[in-house]
Amino acid sequence: MSEYGPALFIKRKDGKPLDEQEQTELLAQVVEHAKQLQLKDEDDNAVELTVYGYDDIEPLSLGVLLFASFTYGMMDEEIRQDVEADDKRRILKIGKRIEKDQPGAYAFDSYYVEV
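All the letters of the sequence shown, read from the start, carry residue numbers 86 to 200 under my numbering.
Hints should not be assumed to be uniformly reliable.
[Said to hold, decoys possible] Straight-line distance between alpha carbons at most 16 Å, and here's what the computed EDC-like set of lysine to aspartate or glutamate pairs gives:
#, residue 1, residue 2
1, Lys181, Asp129
2, Lys98, Asp140
3, Lys125, Glu169
4, Lys173, Asp126
5, Lys181, Asp167
6, Lys173, Glu127
7, Lys98, Asp194
8, Lys178, Glu117
9, Lys185, Glu117
10, Lys178, Asp194
11, Lys120, Glu133
12, Lys98, Asp186
13, Lys101, Glu143
14, Lys101, Asp140
15, Lys98, Asp171
16, Lys125, Asp171
17, Lys173, Asp140
18, Lys98, Glu143
If you are wondering where the hints come from, they were derived from the structure by calculation, not from laboratory data.
Construct all of the structure, not just a fragment, from the sequences and the given hints.
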């Protein structure tokens, strides 16, 4: 059985690629904002952020996985949709904070991915 978890995807609004330095800076911002927001995983532990990849799933986007677990794969579809919506709302708060610091620079999306 696979693990699944919510990921935040960040890309430049101007369509240019994110270089390694910019990816590193964005990851640091995501980590800091996740701490400030006190984001928790399903077991009520602080999220353990990892880089999911760059340009792998979302073109020209940095993917940051917030946590992963086996539980998601065992949920009923209705419960899964509620969990996804709740996590997306919580995670996009990180994007709102980055947007406040750097208005108009980045676009954000979030959804569950298989790890």
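### Message
Please verify whether Lys181 and Asp167 have alpha carbons no more than 16 Å apart.
### Response
Status violated; Cα separation ~21 Å.
### Query
Does Asp126 lie within 16 Å of Lys173 when you go C-alpha to C-alpha?
Holds - the C-alpha atoms of Asp126 and Lys173 are around 13 Å apart, at most 16 Å.
### Message
Next pair to validate is Lys173 with Asp140; report whether the Cα-Cα distance is within 16 Å.
### Response
It is violated: about 20 Å lies between the C-alpha atoms, which goes past 16 Å.
#### Entry: Restraint check for Lys98 with Asp171, where alpha carbons must lie at most 16 Å apart
violated, 25 Å
#### Entry: Lys98 paired with Glu143 [C-alpha distance capped at 16 Å]
holds, 13 Å
### Message
Can you confirm whether the C-alpha distance between Lys178 and Asp194 stays at or below 16 Å?
### Response
holds, 11 Å
### Query
Hey, Lys178 versus Glu117, does the alpha-carbon distance stay inside 16 Å?
Distance of about 12 Å is within 16 Å: holds.
### Task
Assess, step by step, whether the Cα of Lys125 is no farther than 16 Å from the Cα of Asp171, and give holds or violated.
holds, 12 Å
#### Entry: Agreement of Lys185 and Glu117 with the hint, judged by alpha carbon distance not exceeding 16 Å
Roughly 14 Å separates the two Cα atoms, so the pair holds.
### Message
Need the status of pair Lys173, Glu127: alpha-carbon distance at most 16 Å?
### Response
holds, 14 Å
#### Entry: Hinted pair Lys181 and Asp129, Cα distance within 16 Å
Roughly 23 Å between the alpha carbons, so the hint for Lys181 and Asp129 is violated.
### Message
For a C-alpha distance cap of 16 Å, please report whether Lys120 and Glu133 respect it.
### Response
Distance ~10 Å between Lys120 and Glu133 Cα, so the pair holds.
Violation of the numbered hints given earlier is confined to hints 1, 5, 15, 17; the remaining hints are satisfied by the structure.
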